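Undergrad: Assemble the complex: chain A is given as a structure, and chain B must be docked to it using the hints.
2 protein chains.
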Amino acid sequence: MNGAQSLFKALVDAGLTTCFANPGTSEMQLVYEIGRNDKVRAVLCLQEDVVTGAADGYGRMTGMPAFTLLHVASGFANGIAMLHNAGRANTPLVNVVGANASYHQPNFPEHELINGRITDFTRVVSHWSAEARSASELGELGAQAAALAKTGKLCTIVAPTNRHWDEANPPPAMPEAQGLPRVAGEAVATAAAMLKNGRKTGLVLGNRALHGAALETAAEIAAATGASLLAETFASRYLARGAGRPVIETIPYEFEMGVKFLSGFEQLVFVGAAFPVATFAYRNKPMYKTPADCALFTMASVSEDMDDALARLSQELAAAGAKVPRNGRAAGEAPKGALTAGSIGQSLALLMPENAILVDEAATNGMAIIEATKQAAPHDYLNPLNGGAIGGGLPMALGAAIACPARKVVHLQADGSGMYTVQALWSMARERADVVIVLLKNDAYSILDLELARVRDGAANSRMMALTSLGDPTLDWVSIATGLGVPASRASSAEDFHARFKAALGSKGPQLIECQLPITAEWRALEDYVQKNR
Amino acid sequence: MNGAQSLFKALVDAGLTTCFANPGTSEMQLVYEIGRNDKVRAVLCLQEDVVTGAADGYGRMTGMPAFTLLHVASGFANGIAMLHNAGRANTPLVNVVGANASYHQPNFPEHELINGRITDFTRVVSHWSAEARSASELGELGAQAAALAKTGKLCTIVAPTNRHWDEANPPPAMPEAQGLPRVAGEAVATAAAMLKNGRKTGLVLGNRALHGAALETAAEIAAATGASLLAETFASRYLARGAGRPVIETIPYEFEMGVKFLSGFEQLVFVGAAFPVATFAYRNKPMYKTPADCALFTMASVSEDMDDALARLSQELAAAGAKVPRNGRAAGEAPKGALTAGSIGQSLALLMPENAILVDEAATNGMAIIEATKQAAPHDYLNPLNGGAIGGGLPMALGAAIACPARKVVHLQADGSGMYTVQALWSMARERADVVIVLLKNDAYSILDLELARVRDGAANSRMMALTSLGDPTLDWVSIATGLGVPASRASSAEDFHARFKAALGSKGPQLIECQLPITAEWRALEDYVQKNR
Chain A
1 MNGAQSLFKA LVDAGLTTCF ANPGTSEMQL VYEIGRNDKV RAVLCLQEDV
51 VTGAADGYGR MTGMPAFTLL HVASGFANGI AMLHNAGRAN TPLVNVVGAN
101 ASYHQPNFPE HELINGRITD FTRVVSHWSA EARSASELGE LGAQAAALAK
151 TGKLCTIVAP TNRHWDEANP PPAMPEAQGL PRVAGEAVAT AAAMLKNGRK
201 TGLVLGNRAL HGAALETAAE IAAATGASLL AETFASRYLA RGAGRPVIET
251 IPYEFEMGVK FLSGFEQLVF VGAAFPVATF AYRNKPMYKT PADCALFTMA
301 SVSEDMDDAL ARLSQELAAA GAKVPRNGRA AGEAPKGALT AGSIGQSLAL
351 LMPENAILVD EAATNGMAII EATKQAAPHD YLNPLNGGAI GGGLPMALGA
401 AIACPARKVV HLQADGSGMY TVQALWSMAR ERADVVIVLL KNDAYSILDL
451 ELARVRDGAA NSRMMALTSL GDPTLDWVSI ATGLGVPASR ASSAEDFHAR
501 FKAALGSKGP QLIECQLPIT AEWRALEDYV QKNR
Chain B
535 MNGAQSLFKA LVDAGLTTCF ANPGTSEMQL VYEIGRNDKV RAVLCLQEDV
585 VTGAADGYGR MTGMPAFTLL HVASGFANGI AMLHNAGRAN TPLVNVVGAN
635 ASYHQPNFPE HELINGRITD FTRVVSHWSA EARSASELGE LGAQAAALAK
685 TGKLCTIVAP TNRHWDEANP PPAMPEAQGL PRVAGEAVAT AAAMLKNGRK
735 TGLVLGNRAL HGAALETAAE IAAATGASLL AETFASRYLA RGAGRPVIET
785 IPYEFEMGVK FLSGFEQLVF VGAAFPVATF AYRNKPMYKT PADCALFTMA
835 SVSEDMDDAL ARLSQELAAA GAKVPRNGRA AGEAPKGALT AGSIGQSLAL
885 LMPENAILVD EAATNGMAII EATKQAAPHD YLNPLNGGAI GGGLPMALGA
935 AIACPARKVV HLQADGSGMY TVQALWSMAR ERADVVIVLL KNDAYSILDL
985 ELARVRDGAA NSRMMALTSL GDPTLDWVSI ATGLGVPASR ASSAEDFHAR
1035 FKAALGSKGP QLIECQLPIT AEWRALEDYV QKNR
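Chains A and B are the protein sequences, given in the same order.
Following our numbering, the numbering of the first sequence begins with 1 at its first residue and continues without gaps.
Following our numbering, the numbering of the second sequence begins with 535 at its first residue and continues without gaps.
With the rest of the complex left out, here is chain A:
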């Protein structure tokens, strides 16, 4: 066998079944291997942030890595932003990045970099990254990467073409994963003591603690101790929510909202969750959303056995069987009148089918929708923004649909971030991905209008707004989506959206509904507030 075959066998033997790809010359041996058998589903994407963002969505939903095929430094670079999100979310993922033959790189052909090598890029956004020094090593790296990725790591293999075509050994067998390490008893005891000390406490969950048995256990602990059950700002992996699921509040992204939300908390206990720091520092403002004297304690990190830690904490607190507050089920009439975020939220809450996957890149349009869907039928919620890079929504919805073909994906997509990775629509059409895209259009990077308000004296002028507004020309998403093969329509009112959304849920395959939304008075008021309090 050659190196490409050894690598391919390593990945397939490790149980990897899905490849998101935008290949080039240096990946052709792998394209050939993928084509010669039927062990891997390969999904072509027209730009690499779609490749990597889809792999992120796939890995979050299945807990298993997809692998990507990326073409040399430029192709990898095009996918870095979504890899950064995936890495910060600890998504299982294996990248295979082609490179020129090792002996040809010194001739400085076009793809060689001015000041470095591909691995200078790959290591920065990967937990683990290595370049194959022989064809046999390519198979070895494949086995290592797949095993490590399954523990929630982002792994990248750089594969020069001569490592593909040279003769290679079969890949080594990898030992079974040992499971994640248990946290020390002292950590559990500390968390238990905090939860019993009578202070105002939040139990903040992230990653694998946001769903399944871990979430239920954590909810019982919160109920038994009177702590608030909180979710990290950007749920990594996914959050189980909707009717019947435990009530859990997400710490708001926007700085002032986050500060207000966390005011009064005296201590926070973290389980696999990121600390609630400000995404950006602002001049003369604190860096944490927590009160200055709030104690922060991580009982278990994402790299430790959170399920076990929560079970032990529950036992220590005798929390099993505590009555958990659960979300109710939305009821009432279909919304009528003007199309608003509130009316869309109401429609989703009423219509989303059980076991749907809700993907959220609604950005500033989404708050009312996300709030309302707490009372939708039980569903899983995904948010790509763990690394702050926008554009992850459409790829994530694609990846989730590939991961879970029997489930309906409902995707909330803002216009500005949606344009980053609009190419994902084509792959959705090609793969008949079962996604209903609710395209929330406000013709602006609204978050930037808020951020501009923090630095400007007086009103914004048209020259400033030219760098935050998307209104000239307005984007016609119906036309764009149709051109990329996704049936699309435009909702003109609340009842029109309700009917279109219901119809879309009733058929298979991707569809897009464009929804023009006003910038709300509440948002403008927040702009005024931060401008006056800068």
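I should point out that these hints are in silico values taken from the structure, not numbers from a laboratory.
From a predicted model like this one, the values you see are computed outputs, not experimental measurements.
For every residue, glycine included, the Cβ atom is placed at its ideal position computed from N, Cα and C.
You may find that some hints are simply not true.
To be verified - BS3-like cross-link-like pairs, simulated, lysine-lysine; straight-line CA separation at most 30 Å: (1) K794/B - K908/B; (2) K870/B - K908/B; (3) K39/A - K1066/B; (4) K819/B - K9/A; (5) K285/A - K543/B; (6) K543/B - K532/A; (7) K200/A - K260/A; (8) K532/A - K857/B; (9) K9/A - K1066/B.
To be verified - Pair by pair, the computed Cβ-Cβ distance ranges are: (10) E750/B - R432/A: 55 to 61 Å; (11) G871/B - N169/A: 55 to 61 Å; (12) A459/A - G549/B: 29 to 35 Å; (13) E888/B - E256/A: 57 to 63 Å; (14) R41/A - E867/B: 26 to 32 Å; (15) Y103/A - R733/B: 25 to 31 Å; (16) E888/B - K508/A: 50 to 56 Å; (17) P704/B - E256/A: 40 to 46 Å; (18) S462/A - G778/B: 40 to 46 Å; (19) N641/B - G264/A: 20 to 26 Å; (20) G650/B - V247/A: 36 to 42 Å.
As the list claims (entries may be wrong) - Derived coverage of chain B by chain A (criterion: at least 3 residues anywhere in the stretch with Cβ under 8 Å from a Cβ of chain A; other residues may be distant): (21) 625 to 637; (22) 1007 to 1021.
TA: For chain B alone, coordinates are given in the frame of chain A:
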């Protein structure tokens, strides 16, 4: 003044007048500065490869750097591919990349990288890169970067937010540029000796030697000595061509075509041009397109004074006044019948106005068109592929149109690479960029079908083709472009294209004409050839 003001003043004082941007929170102080005065034209782009690719096009046409605003590591990463092209082309360019406040980065907010810092990315694709350690240094770096960029360097400044808002000194005055170094007399003498030794010789030009006085001087040298006048495979900066311009042949990209083209050459003299190496090494094939015993000599590199070197060489060879072979002017009837690359080439040759800018990302569709336009009215020719990263065409056409608002840009765009940066269409609409896009659609990454033929045994199957074909669904570029604000239509025949192209040339602003083209028999024959000779 604050750091943002010092940086802005440094760039404006250095003569930079154009900014391509996709800003975020960390760049808001600069957005505010841009808005407070009218010294800089700011162009919003919806994805960062459009930002950087447009800056590449602008810098090539004006010889002056544009500056970019890019948002933190993810935003910079999104623009790396087109920066790599620009860097390999030695385009003048200054990037300003925002970053979180230096004191907040250790808190590991979302945008911080798993294994490094923004500068780990920036240095790899920049000739020069630095992070500001104080607000005053931000202005200093701006002055340095602008001065260095003007010599054909790609320069990147990383600017944490606290360096923007802290109090700063005005930027320092920079000494006038000293000009590029003269090449040694020995180098000119060696080139002269080679050109007189009677061997079959090519004079290979690149970058600034491809236009203006340098091109005319080189053409006289070739004419006087019997050497062939050649252009590097991907013209960096731009190539002056069309009727009345010196005849110059471009070394083909595709490996076998390049080898055939260069067979028989005994020596090549390079002036600012890249060596004709294979873009990728192939198993058991040579790495150079030149014959094994062909001598290669670089008289002047892109970092040296090519004009001066050519003038001295001309003097040594007494070449001034030699009769230069010049391109004729296309004549004849408008093409009729089926729409083909040949017919499109004929239309362009007849209709392109004098002083047009022809941007070429036609890829495998383009050979016949590019050949035919040699006899169009005199024009300048741009090709973004110096770094091998596809997707540079639409951004480059945007940047060229911003750089030269009085000139018509004609842009040849293949479908696969066009989808990489399709967002550029929106900025063209917004800026009323005077670009006619000829969209060449063959529903495939044809170059990859060729590359697959090099590695496969037997025919390609549908699973392999699924990673190289764009046919399911077919892209509707008329719908996509219209949705992004660019008027678009579809040509159904040679005469229909001719009429649509003529009409588009007669009006201002962006327009797109979709042209469905067959994969040619010649291309299929080449696939067969490489498959049999692998």
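Undergrad: Look at each hint and say if it fits the structure.
TA: Status of each hint after checking the structure:
1. K794/B - K908/B: Satisfied, since the Cα-Cα distance of roughly 21 Å is no more than 30 Å.
2. K870/B - K908/B: With Cα atoms ~20 Å apart, K870/B and K908/B stay inside 30 Å; holds.
3. K39/A - K1066/B: Distance of about 28 Å is within 30 Å: holds.
4. K819/B - K9/A: holds (27 Å)
5. K285/A - K543/B: holds (27 Å)
6. K543/B - K532/A: holds (27 Å)
7. K200/A - K260/A: Between K200/A and K260/A the Cα gap is close to 15 Å, so the pair holds against 30 Å.
8. K532/A - K857/B: violated (72 Å)
9. K9/A - K1066/B: Between K9/A and K1066/B the Cα gap is close to 27 Å, so the pair holds against 30 Å.
10. E750/B - R432/A: 55 to 61 Å: holds (58 Å)
11. G871/B - N169/A: 55 to 61 Å: For G871/B and N169/A the Cβ distance comes to about 57 Å; the hint holds.
12. A459/A - G549/B: 29 to 35 Å: Holds: the Cβ-Cβ distance is about 30 Å, inside 29 to 35 Å.
13. E888/B - E256/A: 57 to 63 Å: At 58 Å between Cβs, range holds.
14. R41/A - E867/B: 26 to 32 Å: violated (51 Å)
15. Y103/A - R733/B: 25 to 31 Å: holds (29 Å)
16. E888/B - K508/A: 50 to 56 Å: Given range 50 to 56 Å: holds, Cβ gap about 55 Å.
17. P704/B - E256/A: 40 to 46 Å: The hinted range 40 to 46 Å is violated for P704/B and E256/A, with Cβ atoms some 34 Å apart.
18. S462/A - G778/B: 40 to 46 Å: Between S462/A and G778/B, where Cβ atoms are some 44 Å apart, the hint holds.
19. N641/B - G264/A: 20 to 26 Å: For N641/B and G264/A the Cβ distance comes to about 22 Å; the hint holds.
20. G650/B - V247/A: 36 to 42 Å: Check passed, 39 Å falls within 36 to 42 Å.
21. 625 to 637: That given contact holds, which follows from 3 residues of the segment 625 to 637 of chain B lying within Cβ reach (below 8 Å) of chain A.
22. 1007 to 1021: Contact hint for the segment 1007 to 1021 of chain B vs chain A: holds, 13 residues under 8 Å.
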